[in-house]
Amino acid sequence: MSSKPYIFRIASLILCVSLGLMLFRGIAALPVTEKVTGPASHYLARTAGETGARNVVGAILFDYRAFDTLGESTVIFTAVCGIAMLFSRRKFHRSSRGLSFIAKRGIGIMVPFLLMYASVIILFGHLSPGGGFQGGTIFATVTVLLCVVFGSSFESQYFPPRTKDILESGGALLFSGIGLIGLAAGTGFLSNIAAGFPAGTFGSFLSAGSVPILNVAVGMKVGAGLSTIFYSMIKMLDAGHDHREGGGIE
Amino acid sequence: MSLSFMIFLYVFLIATALVISAINDILSAVITLSVFGILLATAFAILQAPDVALTQAVINSGIVTALFLVAFSQTEKPECYSEEEEE
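Protein chains in written order, with this note's numbering: chain R, 1 to 250; chain F, 1 to 87.
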């Protein structure tokens with residue numbers, strides 16, 4: 001072994017340790033008061049009155065900072081567009097036959113519960129922890145499971161790529177449309193209660209104005225987007241393995 | 001939550017992170033990454049951030065592992081994988 005890699009290793013160790021020390025000094029610089037100060041105190045005190053949502057994190061994501069959330073989901077949209085363009089060359093592909101019968105039956109029993117879990121996380125995003133991002137990702141995980149266990153042609157038969165495109169674009173349009181309602185009411189882009197959305201009774205399912213609708217929109221976008229990314233990649237994988245007996249991913 | 005459990009959690013977090021960065025076998029690194037994600041999600045849940053914990057658990061253990069496995073099976077492997085490739 002030459003001495004050059006050791007120098008690199010020691011240098012990177014020193015870099016990591018100094019970065020960690022800086023981060024720990026940042027933790028030490030945080031205020032240690034028991035009382036919540038700054039914008040956090042405003043959110044904790046007024047969220048229930050101003051948005052009607054019980055989940056303060058969800059209220060911040062989809063009401064106070066909804067424009068940031070629109071930007072974040074645009075990032076996912078751009079990533080999906082790029083990956084779909086990158087992998088769209090191969091028209092023909094042969095799907096794998098999937099895993100064994102036991103795995104298929106087991107996943108078949110699990111999938112309805114996973115779908116229900118994802119729906120609950122999206123629809124109750126304004127009441128309990130969760131929201132559009134998390135629930136949409138669970139939807140994408142279900143399609144990933146179907147791809148791996150049943151083969152990608154089965155998955156594309158039940159969730160066609162065209163449907164995913166429509167869902168993703170529909171989520172983006174729904175989000176922007178809700179924002180434009182606020183603009184039309186004269187209270188600013190993506191404004192919630194001020195734009196006339198009903199606040200409902202605090203803590204009930206139908207409350208918090210536009211927050212549940214925006215949750216559903218983001219869930220559509222994220223779920224369809226991530227599952228399109230995985231489907232594009234595994235389509236290429238199946239095409240690359242054409243000369244072998246079809247197997248799943250590993 | 002008890003202090004000993006937190007120490008256990010943090011020690012295992014650091015250990016799995018070191019394993020991920022040091023191990024040569026990429027497949028083991030990907031699987032260790034999902035273990036790391038679950039431990040980190042537990043830590044987030046204990047620190048009263050359930051939203052972040054949910055995101056961490058779902059994305060790191062579900063989507064990222066699946067995408068990394070697809071990318072792993074598409075890349076050129078060094079010699080040590082030649083016997084595992086034939087399933």
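Accuracy of the hints is not assured; some may be wrong.
Stated by the list, open to error - Looking from chain F toward chain R, a few residues come up when the C-beta cut is under 8 Å (computed):
hint : residue
1    : Ala-15
2    : Ala-17
3    : Leu-47
4    : Gln-48
5    : Pro-50
6    : Asp-51
7    : Leu-54
8    : Val-58
9    : Ile-59
10   : Ile-63
11   : Leu-67
As the list claims (entries may be wrong) - To spell it out: a stretch of chain R is covered by chain F in this simulated footprint if at least three of its residues, at any positions, have a beta carbon under 8 Å from a beta carbon of chain F; those stretches are:
hint : segment
12   : 122 to 132
13   : 135 to 147
14   : 191 to 203
In short, the hints are calculated from the structure, not lab data.
Note that CB positions come from ideal geometry on N, CA and C, so glycine has one too.
Contradicted hints - numbers only
Hint check: 1, 2, 3, 4, 14 fail, others pass.
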